[in-house]
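Chains as they are written, first to last, in my numbering: chain A, -19 to 490; chain B, 2 to 379.
Calculated from the structure, these hints are not laboratory results.
Glycine included, every Cβ here is placed at the ideal spot set by N, Cα and C.
Accuracy of the hints is not assured; some may be wrong.
Chain A regions said to be covered by chain B (calculated; three or more residues, Cβ under 8 Å) [stated by the list, open to error]:
| hint | region |
| --- | --- |
| 1 | 95 to 103 |
| 2 | 298 to 311 |
| 3 | 333 to 339 |
| 4 | 353 to 359 |
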Amino acid sequence: MAEAAIELIGINKSFGAVRANRDIHLTVEKGTIHGIVGENGAGKSTLMSILYGFYQADSGEIRVNGKPTRIDTPNDAIAAGIGMVHQHFMLVHNFTVLENVILGVEGEALLRASIAKARSELQRLEREYGLTVDPDAIIETLPVGLQQRVEILKALYRGAETLILDEPTGVLTPAEADHLFRILRQLKEQGKTVVLITHKLREIMAVTDNVSVMRQGTMVDTRKTAETTVGELAELMVGRRVLLRVDKGEARPGDFKLVVEGLTVKDTRGVTMVNDVSFGVRAGEIVGIAGVAGNGQSELIEAIAGIRHAVSGRVLLDGKPIEVTGNADPGELREHGLAHVPEDRHHVGLVLAFEENENSILGYHDEAQYLKGAFLDIPAIRRDAAEKIEKYDIRPADCRLKTANFSGGNQQKIVLAREMEQDPGVLIVGQPTRGVDVGAIEFIHKRLIDMRDRGKAVLLVSVELDEIRSLSDRILVMFDGRIVGERGPDATEGELGLLMAGVESKEAAE
Amino acid sequence: MSTPYAKLPGWVDYGLIPLINVVVAFLVAGLVVLIVGENPFEAAVILVKGALGGGQNIAYTLYYATNFIFTGLAVAVAFHCGLFNIGGEGQAYVGGLGLSIVCLSLDTTFPWWINFPLAIVATALFGALWALIPAYLQARRGSHIVITTIMFNFIAASLMVYLLVGPLKAANTMAPQTRDFLPGGQLPKLNFIFDALGMTVRSAPFNVSFLLALAASVFVWALVWRTRFGYELRTMGFSPEAARYAGINESRIIIITMLISGALAGLMSINVVMGDQHHVALDFASGAGFVGIAVALMGRSHPFGIIPAAILFGMLYQGGADLSFEMPEISRDMIVIIQGLVILFAGALEHMFRPAIQTIFASLSPRSVGIAAKAEAR
Chain A
-19 MAEAAIELIG
-9 INKSFGAVRA
1 NRDIHLTVEK
11 GTIHGIVGEN
21 GAGKSTLMSI
31 LYGFYQADSG
41 EIRVNGKPTR
51 IDTPNDAIAA
61 GIGMVHQHFM
71 LVHNFTVLEN
81 VILGVEGEAL
91 LRASIAKARS
101 ELQRLEREYG
111 LTVDPDAIIE
121 TLPVGLQQRV
131 EILKALYRGA
141 ETLILDEPTG
151 VLTPAEADHL
161 FRILRQLKEQ
171 GKTVVLITHK
181 LREIMAVTDN
191 VSVMRQGTMV
201 DTRKTAETTV
211 GELAELMVGR
221 RVLLRVDKGE
231 ARPGDFKLVV
241 EGLTVKDTRG
251 VTMVNDVSFG
261 VRAGEIVGIA
271 GVAGNGQSEL
281 IEAIAGIRHA
291 VSGRVLLDGK
301 PIEVTGNADP
311 GELREHGLAH
321 VPEDRHHVGL
331 VLAFEENENS
341 ILGYHDEAQY
351 LKGAFLDIPA
361 IRRDAAEKIE
371 KYDIRPADCR
381 LKTANFSGGN
391 QQKIVLAREM
401 EQDPGVLIVG
411 QPTRGVDVGA
421 IEFIHKRLID
431 MRDRGKAVLL
441 VSVELDEIRS
451 LSDRILVMFD
461 GRIVGERGPD
471 ATEGELGLLM
481 AGVESKEAAE
Chain B
2 MSTPYAKLPG
12 WVDYGLIPLI
22 NVVVAFLVAG
32 LVVLIVGENP
42 FEAAVILVKG
52 ALGGGQNIAY
62 TLYYATNFIF
72 TGLAVAVAFH
82 CGLFNIGGEG
92 QAYVGGLGLS
102 IVCLSLDTTF
112 PWWINFPLAI
122 VATALFGALW
132 ALIPAYLQAR
142 RGSHIVITTI
152 MFNFIAASLM
162 VYLLVGPLKA
172 ANTMAPQTRD
182 FLPGGQLPKL
192 NFIFDALGMT
202 VRSAPFNVSF
212 LLALAASVFV
222 WALVWRTRFG
232 YELRTMGFSP
242 EAARYAGINE
252 SRIIIITMLI
262 SGALAGLMSI
272 NVVMGDQHHV
282 ALDFASGAGF
292 VGIAVALMGR
302 SHPFGIIPAA
312 ILFGMLYQGG
322 ADLSFEMPEI
332 SRDMIVIIQG
342 LVILFAGALE
352 HMFRPAIQTI
362 FASLSPRSVG
372 IAAKAEAR
């Protein structure tokens, strides 16, 4: 075995009650490209933040070139020859490339000497690694791919021997990504070590030598890339979790309640997140959208629910088109019977600073039953909240308690109670059981089945493949903003995993 | 991550911590007094006596407090919506313009009790209008409200200078101010209350605007916590994402909130102009709009916290005036320093002592602080 550039031994890290990293062991060989894959929230970024000194591990040891090394700050990491290229660039936009490169290592009070030194150093790096970039260009005038190159240059200028790249291709076009991979290979040839964090399996196959898979805070396995397949990695990534069985009868689907036609959505950076998506949800069925997080599911349901603007396409609710491209109004959608349990209950679905009863009317606060003229009918609101608390077994049963003081599962029940008790025709649910304890998961699943059996159309988005499989009557798989396949509820994990990894057929995976 | 600090009992949160902050502010102020060579204890006695030492003093304290209640409420309403309205000064100043229109044209025709409600409408309207443009720019153009409201303070000052040396100036006078209002433009004093309590008031400007300020406090409380609009406003203030999700029209809320905020600031001009000076003079707001920021911070943006905070600042104004008179070493500027320290400790450093107090309470009785929200994976 080759010499190890980085060794992580028994790393543990908790945030409150959540164990983001559990007993992680990782060895990165010198002069290789090492991929780390895993779903969002698997703990990849936490692990790399520990290595780069943003966080300190609760326990465990870091060895650099075989020597135990304390890394408490990014400066320690840089001193140990570790550089990092962040997902969101840390560049000063109105500075030139050179100014950015010397930022933090300016040396003397006057910049002249260090700029001159940096200029010759950059020329050397350009020769060695093909990292071409105009040193006098202003950052904001550069395309994203070149900005990333500046980040790499920054790390190399500081003497990085090991380079960590966190989701480097998220913002790149395919051509830019290819160019990046060429650079990474060149770095490897010059003896540098590269750690590549991503959830895109294709990139792993294309460029890495070794690959480690993380899942739910643990290191599942490390393989030689040449000896594994996309299918195997997908399975390792998603995992065979305990299947939560949900008792449910046959679906009796009726007419289409929600129809989406050619919907395209871009995020704030202008990257296309949902690309010409069409599907329908009928009354009395649950349609699940499976996919690795970040493939457009969030943007899709946000656009349907009216809290994100779509670029083009149509959405029909009960056959009538609703506004999705211009000034969508979530309030109006609610009136037409579309309820939405958002993925982010902390910032979107709830106001944590409010009392529970105040949250139990969020979005429905202009309904007559909660109002007396311009005033809130507070006794009615509290009575209503108390009823929901009882019906949904929300604990503690105190509608005057601040919402932040409820546990995650109970917060989720507050949202579900509010949305379901309005008796909507269509229910859109994002990550219904994220951060929710097992008991509440079962309760929430039963409620969703119940909605279906009462003839409601339910659109479910979840990164938990088990959840999708056990609840859905039809499963749509999203990859890179497109729906790449539709399967029945009996589809196997492996089959869905491949689709989720963007592999169209079995042969391609081999 | 949602609650940075554990919960404290209400009396600690709203009573003890502000008290500690004020005491520390006074201790540091005492050091400053010591440095200029005066006895801080004597100074404190003079200050408190000057603020509360008799009917006359109390009446003055409450007169100043009235100003600060209005401007404090103005800041608080905007603050609940997540907006930082620093333009109270300019909005109050322009409110005086509305007032001058009512009083100059009607003080010969109507008695004060007809002109008073008209003045309320006019000052609120002008104050609101002065907040409208920054509000519009924030809501529709994303121009930061802090910047635009500060700029509007300057524009208000220039506008009023122009008007007071030109169109509004009384004929045949040198002073840049309007003519004095007749009794129809003068509000009755409330000094008889002190007379009834056996305290003597020679001539303090404490007037019926104080009652208007109390009414405005109740109005703000009801608006923010009891109306549908207040619900939307608070949702917006806590989480714009949740507001969008709830179908709340962001620009509408921002604009209406700022109109109300500006209107409250505008009302402040009634107290000074109709209640005391009986003419609109240059710079009559004299910083009350800015003190309102400190009052709102100290009163936790709650009307029933703003009233005592306004009275405290009223004491500093009134007692400070006496202090600078009795101790020549202590100039008016020293009083401003003391006020600044109170603002610093009560507002900006509000959380300085909180963690320590929390630790103490947690060790005394863990149950009294409740259980902090469980941290969750993000």
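Structure-based check of each hint:
no.: 1; hint: 95 to 103; verdict: violated (count 0)
no.: 2; hint: 298 to 311; verdict: holds (count 3)
no.: 3; hint: 333 to 339; verdict: holds (count 3)
no.: 4; hint: 353 to 359; verdict: holds (count 4)
Checked against the numbered hints listed earlier, the structure breaks hint 1 alone; every other hint is satisfied.
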